[in-house]
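Guided by the hints, dock chain V onto chain L, whose structure is given.
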Amino acid sequence: MMEAEKPPMSIPFIPSGPAHEPPITSEFANDPDMSELVDLFLHELPARVRAASEAWISADFVTVQRLAHQLRGSSAGYGFPLLGVAAGRVEDAMRISDGDAFAATPELQTVFASFQHIAARVMAGGVRKAA
Amino acid sequence: MASIPPQVSIIEDAKPLVLIVDDSVDVHRLLRTRLNQEDLTFAGAESGEAGIEMAIRLRPAVVLLDLNMPGTDGFAVLKRLKDHPATSAIPVLMLSGHRDQDAKVRAFDLGAVDYITKPFDFTELRVRMRSAVKMHQLVQMLAQRAQIDGLTGCWNRAFFDTRWAEETSRAQRHGHALSMAMLDVDHFKSINDTYGHPAGDAVLQGVAKILERECRTSDFACRYGGEEFVLVMPDTPPESAAHVCERIRAAMEAAVWPRHPERVVTISIGVAGAGGPASVNAAEWLETSDRYLYRAKRTGRNRVEVCDLSKETMGRLRVAG
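Top line first, the protein sequences correspond to chains L and V.
One point on numbering: in numbering that gives the first Met the number 0, the residue at position 56 of the first sequence is 55, and numbering is uninterrupted.
One point on numbering: in numbering that gives the first Met the number 0, the residue at position 29 of the second sequence is 28, and numbering is uninterrupted.
Bound conformation, chain L alone:
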């Protein structure tokens, strides 16, 4: 199927985490070597998640996979292992399915939604707010 014929994705970008799940703060928020870097990571994260969500909606799976791959590799290093795991699930799901099959499978759409939820919880955690 041609790219233009793919059905649009139905999952919109979710700006904040569900009320019953707490914000996530970095494991390294109080590490003096890391605090600036964590701030920078958090500052840039909304744009990345937005880019991934927009790519998802427009069925640009290459971009989704690339962004997920990058977050998978780096998130734990910034103290957000859960985000890395969620991004890894997205990347793995993109890799094992072709774009069309992926778009049509509700279970796989749930993987992306889960990534968005965790990203929203990380963003809700803000900067330098470790417990």
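Hints were generated in silico from the structure; no laboratory data involved.
All residues carry an ideal CB built from backbone N, CA and C; glycine is no exception.
It cannot be assumed that every hint is accurate.
Said to hold, decoys possible - Below, a sample of chain L positions facing chain V; criterion: calculated Cβ distance under 8 angstroms:
#1 Pro31
#2 Met33
#3 Arg71
#4 Gly72
Stated by the list, open to error - Residues from chain L that keep clear of chain V, each with C-beta distances beyond 12 angstroms, as calculated:
#5 Pro21
#6 Ala28
#7 Thr62
#8 Thr104
#9 His116
#10 Ala123
Said to hold, decoys possible - Cβ pair distances, simulated, as ranges:
#11 L/Glu35 - V/Asp120: 15 to 23 angstroms
#12 L/Pro31 - V/Met140: 54 to 62 angstroms
#13 L/Glu53 - V/Asp234: 51 to 59 angstroms
#14 L/Thr62 - V/Arg215: 24 to 32 angstroms
#15 L/Asn29 - V/Pro84: 30 to 38 angstroms
#16 V/Asp72 - L/Pro105: 42 to 50 angstroms
#17 V/Phe121 - L/Ser113: 25 to 33 angstroms
#18 L/Pro31 - V/Pro84: 21 to 29 angstroms
#19 V/Arg125 - L/Thr62: 32 to 40 angstroms
#20 V/Asp234 - L/Pro31: 22 to 30 angstroms
#21 V/Met140 - L/Thr104: 31 to 39 angstroms
#22 V/Gly110 - L/Pro22: 41 to 49 angstroms
#23 L/Pro31 - V/Arg156: 49 to 57 angstroms
#24 V/Met140 - L/Glu20: 52 to 60 angstroms
Leaving out everything else, chain V in the frame of chain L:
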């Protein structure tokens, strides 16, 4: 005074350079921060192609290479680094978010020295980095020792062959001046026959010391074989090379040999050089300085004979020699 190999100290003079090749800027920032206690310097490339170009240009001590990158991926980069003579010996540590065994096997088959999975355990990463840097230093040391003449400490013939081709190519490409000299100890067989081989060895070591003392930083001296040495003088026209060689000849003649102070040892030198582009290749250049060395021998020894290649053609040189 730098004609003699600088030994291993060259390796310890500067902080080892680590080249990070990863399409994620987050990974670059993270690695630089987490490895900042390691006395390393860093360079970064965010694509495979940029990584290859930087590795060839910068010759880092270690490459940290991401496997999954858009465009030229880590496997392709690794293969090209291992195929290129400038980068083939650089240890490459693969970085990957996947624990896929086939990928690990392929990376090691292609020449990676290590495979590190993301998310990083930074304690482990630091230890593995140290190990890779150490490996690089040992490889450098071995490569350098393989190019050093054991008796005199000069560069050896293998080093000369490689560097001479590079120097002539560079000089001709850019129109730079370049000179080389062939030096031969006069009556060396007689020294060996009269005083024994240890005395002959001492003379060769003495020549090396004089070369080290009398040469400029940019020059390099090699033991060509037996009692013959070559001295390469980059960016040097033949008239300046003649001055350097005359200084060397005079120093040799004036040297006092502790065990045989009555013996004067001299050398003959043939110089071939060009102040600009020369119409000879590396082999013809070498052959010309050899011919002028034997002209110095024929005309009485303990002499410097000089050929200006930018004024001569090979036909005339063969007649002259």
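Q. Checked against the structure, which of the hints given earlier come out wrong?
A. 1, 7, 12, 14, 15, 16, 18, 20, 21
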